[in-house]
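Number of protein chains: 2
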Amino acid sequence: MPALPLPPGSTIGILGGGQLGRMLALAAGRLGFDVAILEPEPNAPASRVAAHTVVGAYDDPTALAELAKLASVVTYEFENVPAAAVEHLTSLGVQVAPGALALAVAQDRVAEKTFLNGAGVPTVAFAAADSAEAAREAVAAMGAPVLMKTRREGYDGKGQRWVEHIADAPAAFEAVGGKPVILEAPADFVRELSIIAARGRDGGIAVYPLAENHHEKGVLRRSFAPAEVSKDTAAQAERIAAQILGALDYVGVIGIELFEMQGGKLLVNEIAPRVHNTGHWTMDGCEVDQFEQHIRAVAGWPLGPTHAHARVEMLNLLGDEASAWAKLAGEPETRIHLYGKHEARPGRKMGHINRLRPL
Amino acid sequence: MPALPLPPGSTIGILGGGQLGRMLALAAGRLGFDVAILEPEPNAPASRVAAHTVVGAYDDPTALAELAKLASVVTYEFENVPAAAVEHLTSLGVQVAPGALALAVAQDRVAEKTFLNGAGVPTVAFAAADSAEAAREAVAAMGAPVLMKTRREGYDGKGQRWVEHIADAPAAFEAVGGKPVILEAPADFVRELSIIAARGRDGGIAVYPLAENHHEKGVLRRSFAPAEVSKDTAAQAERIAAQILGALDYVGVIGIELFEMQGGKLLVNEIAPRVHNTGHWTMDGCEVDQFEQHIRAVAGWPLGPTHAHARVEMLNLLGDEASAWAKLAGEPETRIHLYGKHEARPGRKMGHINRLRPL
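Chains D and Y are the protein sequences, given in the same order. Those letters in the first sequence? Residues 1 to 359, by UniProt numbering. Those letters in the second sequence? Residues 1 to 359, by UniProt numbering.
In case anyone wonders, no lab produced these hints; they're calculated from the structure. Honestly, I wouldn't trust all of these hints.
Partner residues are not named here, just some residues of chain D that face chain Y (Cβ under 10 Å, in silico) [stated by the list, open to error]:
1) Arg22
2) Gly29
3) His52
4) Val55
5) Gly56
6) Leu267
7) Asn269
8) Asp284
9) Glu287
10) Glu333
11) Ile336
Where is the CB? At the ideal position from N, CA and C, for every residue including glycine.
Extracted from the complex, chain D is given alone in its bound form (with noise of 0.2 Å):
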């Protein structure tokens, strides 16, 4: 196991080569760190800012071999890696941050659920059916409408969808794909927030004010840091994600999706173990973006100061909104970062801005 706190000069791997880690190689990079991504694409956005790719399945035993050769820690940019990756790497001896528990948890929406029910932690109501008859039933016995959603993958709206009546159930179980879902009660929410925290290896938890935050077609569109909420609002939000972070024994930054209800109470929508679009915000209105408190915390190193300098707007730019860079680069609020991806398919996060107010 390599030595804690991680030297500068040292190497950090990532797993995937998307938008997430390419940020995230930047921010290592200003620490002096250099970093290894395993991705299975060639020439990815991440693999661009890096000193070293090693090109492959994330499953592969010989690309984890390449890397873990490379790489003291590693990391990850999504929260499908595969377990066997992450055991491969630790028999390695290679320290993998967030753990397995905190994937594990993320890769699966029931267990996720009750995870946090276990951990204190409230969610809607929900529950899991393996067949189109179970989905009937519990249907049935939670009353519609229910959203099923299939329990593994499926992220950005896809692989969900609301069961307006009992008898729809079992059509609804076979369109999401046949296979074991979570059937979850509606959320009467009146906004939808998100809390981005980290926790270091020495168990020191720092978090960023909350953000609100915008869908559209079940993908982000905007968030709004810090949002207004009240005092109580944040000290609940703060208390979650410290049960959330000590009950995975955690290393790393999170996203935590809340609905806030009728009343100012919390329900968590959904974890994200790893730096989450709506920590976007940090990269200009922070000292220590989510990037490289993410960096910080995998390597070992103190995690760094989260207050706010600035009020951000940050809007994800999806395919052909980034050709409107040249505008964008000349507005003198505006913050500009993009991805280097090639093709600006529709819906695809090519980049996003940060616009930014006095506080």
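Fit chain Y to the supplied structure of chain D, relying on the hints for placement.
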């Protein structure tokens, strides 16, 4: 010639793979550009965060041709780029910024001061001497003491010495290398200041607040920014920057070192046609730092805002001072930047910190 403004996804070439090249590459990455480094050493600090590296001498036509194939626009991190390299790249259809005039002026201290005075910018009195005897005559004409410097090369206080008596001039001439020199009248300055400024391809100018600089043994130790200066001093500095940038038809960021004289008059000590160590404070004190500003300028993008949002003390980490990284990383007011250099030779610039206070 490439279409400007240069679209994201394009490749920007950088001559030089040291820390300035590295921080330029990180800034280019944030904007969605790829970077190609040309540098004689393999595995240089900038190469490890760049998509491409051409390992070769700066004046090697094969290496330059390879760089020209990769990059639409080329810039540099040091002012001693051979003029022939710029000519060769230009002949291959690559735009080099800043241009040949800025380089020529910055490479020869006599040309530099002659240019400055010609542009209406005050400097200390000076004379040129090409021989030991000419040096003696010049000192006799100016009066001792004078500061003798080689006309070309020399940085961080190397290749210079004080001549206290007329009779010492010939020996001093031999001691600094027996090559053409400049003799400078002493500047009885109150403070050393600097101004970091940028000029875009459209002729637009952006100027950062002044920094107050403290050197030790000829090497920058600390900068304080924004420096506490009078409105008149700030206006003088901005006027000087505008005169220099305009007269050079400059594109990019320039560092202008100033002497503040008793009574407030500013003299230009020297100019550096590149991002500058006294501008590192902008990385944490401004929304758009000098590195992104330089990339914006050479890419033909609009320049970004330059106001400070914090008061910064920048401290260079020289030699093994960088080994205090763990302690420094734990200071909440301190942002740490490390350059990924493996060997901490005495006096070598290994990184810097920016300590922040509210404005």
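Do the hints match the structure? See the list:
1. With a least beta-carbon distance of about 7 Å to chain Y, the hint placing Arg22 of chain D at the interface is held under the 10 Å criterion.
2. Given the 10 Å rule on beta carbons, the hint for Gly29 of chain D holds: about 4 Å separates it from the nearest Cβ of chain Y.
3. With 10 Å as the threshold, the beta carbon of His52 of chain D comes within range of chain Y, its nearest partner Cβ sitting at about 9 Å, so the hint holds.
4. Nearest Cβ of chain Y to the Cβ of Val55 of chain D: about 15 Å, over the 10 Å cut. The hint is violated.
5. Look at Gly56 of chain D: its Cβ only gets to about 19 Å from chain Y, farther than 10 Å, so that hint breaks.
6. Proximity of Leu267 of chain D to chain Y is violated relative to the hint, the smallest CB-CB distance being about 32 Å (cut-off 10 Å).
7. Below 10 Å, beta-carbon pairs count as interface contacts, and Asn269 of chain D has none with chain Y, the closest being about 30 Å; its hint is therefore violated.
8. At a threshold of 10 Å, the smallest CB-CB gap from Asp284 of chain D to chain Y is about 6 Å, leaving the interface hint in force.
9. Because the beta carbon of Glu287 of chain D sits about 6 Å from the nearest beta carbon in chain Y, less than 10 Å, this interface hint is met.
10. The beta carbon of Glu333 of chain D is positioned within 10 Å of a beta carbon in chain Y (closest approach about 8 Å), and the interface hint is therefore held.
11. With a cut of 10 Å, the hint placing Ile336 of chain D at the interface with chain Y holds, because the nearest CB-to-CB distance is about 7 Å.
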